[in-house]
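Please arrange chain B on chain A, whose structure you already have, making use of the hints.
Chains as they are written, first to last, in numbering that gives the first Met the number 0: chain A, 0 to 891; chain B, 0 to 112.
No lab work stands behind these hints: they were computed from the structure.
No incorrect hints appear here.
Simulated restraints on C-beta separations:
hint	chain 1	residue 1	chain 2	residue 2	range
1	B	Leu-109	A	Val-99	39 to 47 Å
2	A	Gly-239	B	Gly-80	52 to 60 Å
3	B	Arg-95	A	Arg-93	27 to 35 Å
Footprint (simulated), chain A over chain B, 3 or more residues, beta carbon under 8 Å:
hint	stretch
4	19–33
5	43–54
6	75–81
Since the model is a prediction, treat every value here as computed from it, not as a measurement.
All residues carry an ideal CB built from backbone N, CA and C; glycine is no exception.
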Amino acid sequence: MATDRLARLLLRLYPRAFRGRFGTEWLETAAWYTRDARPGRLGSLRLAARLLADTLRTLPHAYLSGGPPGRRPAGASPGRWGQDLGFAARAVVRSPVFTVAAVGSIALGIASNTAVFSVVNGVLLRPLPYVDPDRLMVVWNEFPGAGLSRLPMSGPELQVLRGESEAFEGVAGIWATSGTVVEVDGTVSQLSTGLITPDLFDLLGVQAHAGRLFERAEGEEPTPAGVVLSHALWQQRYGGDRAVIGTTIQLNGRPTQVVGVLPEGFTLFFSEDSAVPPTLDAYTALPWDLAPLPPEQHFLRVVARVRPGVGVEDAGAAAARASGVARRLYPGLEATGDHFTVRPLHEDSVSAARPALLVLLGSVGLFLLLSLANVSNLVLARTLARGREFAIRSAIGASAGSLARLVVAEVLILSVVGSLVGLALGHLGTTALWGLRPLGLARASDVPLDHRVLGFTLGMSVAAALGIALGSLAAVRSVRSRPGAGGRGDLPGGPGRRLRELGTVLQLAVGVVLVTGSSLMIQSLRSLGQESVGFEPAGALTFRVALNMGRFPTDGERARLAREVERKLADIPGVTEAGATSHLPFVEWANWAEAAPPEGTPASERSAYYADLRAVTPSYLRAIGARVVAGRHFEETDDASGAPVVIIDETMARRIFPEGDPVGRTVLPSRFVNGSFSETPARVVGVVQDIRDRSPAHPSTGQVFWPFAQSPRWELTYFVRTGGDPSALAAAVPGAVRAVDPDLVAARIAPMDAHVRSATGITRFLALVGTIFSGLAVLLAAIGLYGLVAFVATQRTREVGVRMALGARAPEVLGGVLRHGARVAGAGVLLGLAGALGAARLLAGLVYGVSPHDPVTLGGVCVALVVVALAASLGPAHRATRTDPALVLREP
Amino acid sequence: MTDRGTTRPVAGTSFYVLLALADQPRYGLGIAEEVARRTGGEIRLGPGTLYGTLKKLLEEGHIGEVTPSGHDQDPRRRYYGILPAGRLALSAEAARLEQLVFAARAKGALPLA
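Here chain A stands alone, though its shape is the one from the complex (with noise of 0.2 Å):
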């Protein structure tokens, strides 16, 4: 029952004492309270907050009255305490533009707070859900020697870190592919699979929804046994039936068992550069012994549980000891200097994620200190403007402490409510805030409104409280200061001037820093935008094909499915050119790494050659565009009867041959050739300009291709180029596959465009968000400073009233009040400067193509906010002009 939960909240806001003593029956009333809903959820919400109004309503005397009368310090009251609060809520009501500015302002600044907080909360605070989550580590490979980092391992490197078994209890291998077919009542479909070490699970401590996860037992024969579904697969295929389990079901065409299915909900949490995504449909099991396979074959991406106590560092020092074993097994390994580093996997996964969450909280803490001096200045005007009533109030005998208690009454109610509203709207702001968030940027599968982002927003509320009531109460003592002045409504300068200065100034320091961070985040997607990526992605439209093993077998068949769709894309209506390749830049990238060496290259060197290995076919380069700088493209002729060649990019270049020429040398790359990999001699006939492989920020790290005749896998890409609207042709595509072969499906059909985009998201992510912010910033500013100046401009009415009526003409009395203006803006403006360059550390990770420091930047928004300064100036400074002396010096 949400309104038992809410209750039970609520009941946490009264004291320790108030609690103890009605606590229990406080329930018992609260569930009678809200027991006869009307059904649906309108009827509950009714009554939720029917429960809030109530609570909340009478929360104040719970904490204001205390103790019997007896012991009741004098003047303390609860009555005064209730009456003032009586006569703060209506005085609030009554000025109705008043209050939604300031409720207003506080909702945004709490809401966006409260967005920001739950998406950090969710992804950086809460623990990842699995057993002892703290105890689980990445290992990674690192190979110095030939300047990558962060490599999976190959299987036997995993079977000699399991030895190291007094630092690990545990060590766990996956590699994801969504290249698997299954074969369910005569259809066919693609699935994303993960081939698991049969530990994982049982490691990781997740148990079975249904059936069994795989034992280690299993494991120990020499074909993966069964297939574990994920429960969302199981729910879509086969309809939650638990019937499935222990039948057979063709993957890739091979009889599989289905063993079991996974709980709902289970997520992996590798970092993005894992190509390990966070679900996957199903999961079937590498043999127990790893020994067996190709030492230099990196696909394994692992995670070791480490024994309880066993720190960071203890881990790393065993699995350093490890990798020195397996140089000394494997010397393929020594050239490049391979050794394991560990890191704690939820810090791993959400390594990419975190520099932008954090800047994205500074910001919106930023924020809310603008919005919080936006409410001090209204408050301030407010105080300034009833200092008459203050003054006769002061008059007739109202102490100093009764005139603070009435505006601090007024501030808590606008903090309660401002707060209460940010908090519905932050709620709001999450939703919207984890439907914007870019793929890789955020791997929790939700974002509660937990504890934590409950205790975070009473934080910053009764922060915002406190700072709004002591502006109040300094401009509460400078109106009762003078109570003289006071009658007349008309106080030149003093504290009350310099308090909104202030706050005016912080305004524009804050609009300063967030309106540079949002404009270096958008120069930083131009330059992305801008930046060559080696081929032309717009236009394009590409879609996956995955071919059978077990329907088609041989080489031959598959090398001719490849062509045969080509063919039939290449005569629908306005394509262009159609190639197809086995990974498509920004989306399949890295999943392994393996060596290609030169001739002649000894074996303790070969790993200093690693390359990625793609297999195209002869018109792919051409049709998204690559330009070859050396030798030629692949031709027809180029297939499994033709001499093996292969065309690798400029990195690869560079790297085996540094002397030059690469064209017509001969190296030694892996192909897939009768359903395994093996080391072949090719001829390199061509170089291509670099290729951008994992986005367009990252620089290739080296790529050979084969052509796809000569090493036919089973997962192909095609790159659809046409002259119009890319989206025009999907609907052509599924049935021109079909057309080559009825068990050939194209999944995942989408324009290169939306990979690209979805390959920037974290920049277009901060670039969107930080827009919006900064446009509130600015707005917020603007509005602070047009109020600031109206109410200098007013003050000094009479004095302008004075200087017009003996001559001043009205530009001297404009220039005047812009001058004023212009001070506090460039005080602001300078002050924000400083804050960007201290911001500048913050964001150098985060930015692309230009300097956090960027002088252009920082200059133009600087000029940009002094003229918005200015025009927020100008309204009041030319009102003032128009100041009618005769009736300005009637005025008593």
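Only chain B this time, still in chain A's reference frame:
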């Protein structure tokens, strides 16, 4: 703001709570139910209002915690009974209301009983 020495009437929720306790001691929810019954379901006291009022009435010495002697006593609950000060305040308010009703009748706003 209690003015000790003279008996001030109690208004609003306090009046309903004292009225509910006038015939017998009751516990918290029992009071809320009695008030709802007495007003034909018109007035349902929320937990914040009810226990806020009970706290205030306790502090003002209008009511006190009692151990009832009935057979339907629940040991887990706290029972409240009306004290002499509370009874005085209740009658003061009732008298005030009576005067108002009298005035209303005199002006023809209510039919004569």
